[in-house]
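Undergrad: Construct the entire structure; sequences and hints are all you get.
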Amino acid sequence: MGRIRVLFCFLLLLFANHLRAGTITVCGSCEVKTIKEGVALAADFDTLLIKKGTYKEFNIQITKPLTIIGENYPVIDGEDQGEIITIVSDNVTIDGLFIINVGTSYTADYAAIRVVQSENFLIQNVVLEKLFFGIYLEKSKNGRVYHNKIIGDAVDEYNSGNGIQLWYSQNIVVERNIVQHVRDGIYLEFSDNITIENNISSDNLRYGLHFMFSNDDIYKDNTFENNGAGVAVMFSKRIKMLGNTFKKNWGTTSFGVLLKEINDAEITGNTFEENTVGISIEGSNRINYSKNNFIKNGWAIKVRGACYSNTFIHNNFMYNSFDLAYNSNLNDNIFDENYWSDYTGYDLDRNGTGDIPYRPVKLFSYIVNRTPETIILLRSLFMDIIDFSEKVSPVFTPDELVDAKPLMKKIK
1 MGRIRVLFCF LLLLFANHLR AGTITVCGSC EVKTIKEGVA LAADFDTLLI
51 KKGTYKEFNI QITKPLTIIG ENYPVIDGED QGEIITIVSD NVTIDGLFII
101 NVGTSYTADY AAIRVVQSEN FLIQNVVLEK LFFGIYLEKS KNGRVYHNKI
151 IGDAVDEYNS GNGIQLWYSQ NIVVERNIVQ HVRDGIYLEF SDNITIENNI
201 SSDNLRYGLH FMFSNDDIYK DNTFENNGAG VAVMFSKRIK MLGNTFKKNW
251 GTTSFGVLLK EINDAEITGN TFEENTVGIS IEGSNRINYS KNNFIKNGWA
301 IKVRGACYSN TFIHNNFMYN SFDLAYNSNL NDNIFDENYW SDYTGYDLDR
351 NGTGDIPYRP VKLFSYIVNR TPETIILLRS LFMDIIDFSE KVSPVFTPDE
401 LVDAKPLMKK IK
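Residue numbers 1 to 412, in UniProt numbering, belong to the letters of the sequence shown in order.
Just so you know, not all the hints are guaranteed correct.
[Unchecked claim] For each label pair, taking beta carbons as the anchor points, the in silico distance ranges come out as:
1. N142 <-> G283: 31 to 39 Å
2. G283 <-> D44: 23 to 31 Å
3. T54 <-> K296: 40 to 48 Å
[Stated by the list, open to error] Below, a list of computed lysine-lysine pairs in the BS3-like style, where the Cα atoms sit at most 30 Å apart:
4. K260 <-> K237
5. K141 <-> K240
6. K51 <-> K130
7. K248 <-> K237
8. K56 <-> K220
9. K237 <-> K220
10. K139 <-> K240
11. K36 <-> K141
12. K33 <-> K56
13. K296 <-> K139
14. K139 <-> K291
15. K248 <-> K409
16. K248 <-> K296
17. K141 <-> K260
18. K33 <-> K51
19. K52 <-> K130
20. K248 <-> K139
21. K51 <-> K149
22. K296 <-> K240
23. K296 <-> K410
24. K33 <-> K149
25. K149 <-> K139
26. K260 <-> K240
27. K130 <-> K33
28. K220 <-> K409
29. K240 <-> K409
30. K296 <-> K412
31. K64 <-> K141
32. K130 <-> K141
33. K237 <-> K141
34. K248 <-> K410
Think of the hints as simulated: they come from the structure by calculation, not from any bench. Values in this document were obtained by computation on a predicted structure and should not be read as measured data. No residue lacks a Cβ here, since even glycine has one placed at the ideal position from N, Cα and C.
TA: And the structure:
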C-alpha cells in the first residue's frame, strides 16, 4: 500500500505541474527577447513560443521539461560559435525552428540539437542548415525525431559531421526526415530497438545509413540514393530491413548495402537499383532474403566469404551485369524460386518454374572479381564462351549453387 500511495502522489504532482504550465512569448519587441532568457524564466512544463525573427544565440541549455515552439520558423543563428541547443532533461519538445551556423571543431562534435541522457523527447518540424552535426542523441531513450529537414554543406569527410546520430540510445523512432549533403546521413552505434522509417537520405559524402553494434532495429520504407558509399550495416543482430530503396550508389567502393558480421536478420521487399553492387555480404549468417528486386546493378550480390545458412527465396534478379559473385567454390546458402532475367530455360509442364536449374554464378564474374581489368570484355564473345564452358563442367564456381526451381515470370 505504501508504494501505491507514493506512486499516486507522484502522478498527482505531475498532473498538477501540467495544469500550472504557462506560455512565455519570445520576440524582439517582447519583454523576453532571447531564448536563453525564456528558458531561464520558464517553470517545468512551460511552453516557450518563439516568434518569427532571427536569434543570434548558441549553447542554449535545456535543463527542465519544456516545450519550445517556433512560429513561422524563427531562425537561430549560432554564428559558428559552437553547439546550439543541448537538452539534458526528460520531457522536452522542440518544434518548428530553423537552425543555422553550427560551430565546427576537430575536438568536439558540435550539434544543432543534442539530447543527453534524456527520455520522452520529441524533435519535429525542424530545419537545419550550415551544420556540423545535425541531431545528436547520446545515451537517451524513448524519443522521436520526426519530419525534420537536415541539409549540410559537407565537402570533406574529415571536417564534416553526420545528419542524425544515435549513440548508446534505445527505443527511438526516426521518421520522415530528409537528410542531405552531410558525412553519414543517419548513423547509429550501440543503439538498440530503433525504428528508422520513411526517411530520405541522399547525396551524402559517405553513407546514407551507417550503423554498428546495434541490435533489434527496424529499417522500413526509407530511400537511400546517390550516396558516396551506400549503406553500411556492421556487427549487429536481429535486424529487419523492409521495403527500402537503395538506388544509384555508384563508384568503385559503392554498394546499395554492405553487410558485415550480421546475423539472424530479415531483408524483405527492398529494391536495389543501379548500384555498383546491390548487396555486398561478408561474415553474415542466417539471413532471409525474400521479395527483393535487384535491377540494373553491376553485381546484384557479392558474397565475400564466411556466409552460411542464408536463404534467397522469391527475389527478382533483372538486367544486372552479374547476378551473383562468389569468392569460393563452396556454398552453404539456399537459392530457390527466384526470377532471373538471364534464365533461358523452358517450362514444359507449365507449372511456372523452369525445368532446368539455373546457375547464377558465372565464370566471367569469378574472373572479374579477381582481375577487375577484365571487365572491358563484358560484352564480348569471349565472355559467352567461358561462361558456357563453366556451365557444362563447373570447376571454379560452386557446383552445388543452383536455383533448382527458377521462376519463369517475375514476382510482383
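Undergrad: Honestly, which of those hints from before does the structure not fit?
TA: 2, 8, 13, 14 and 20
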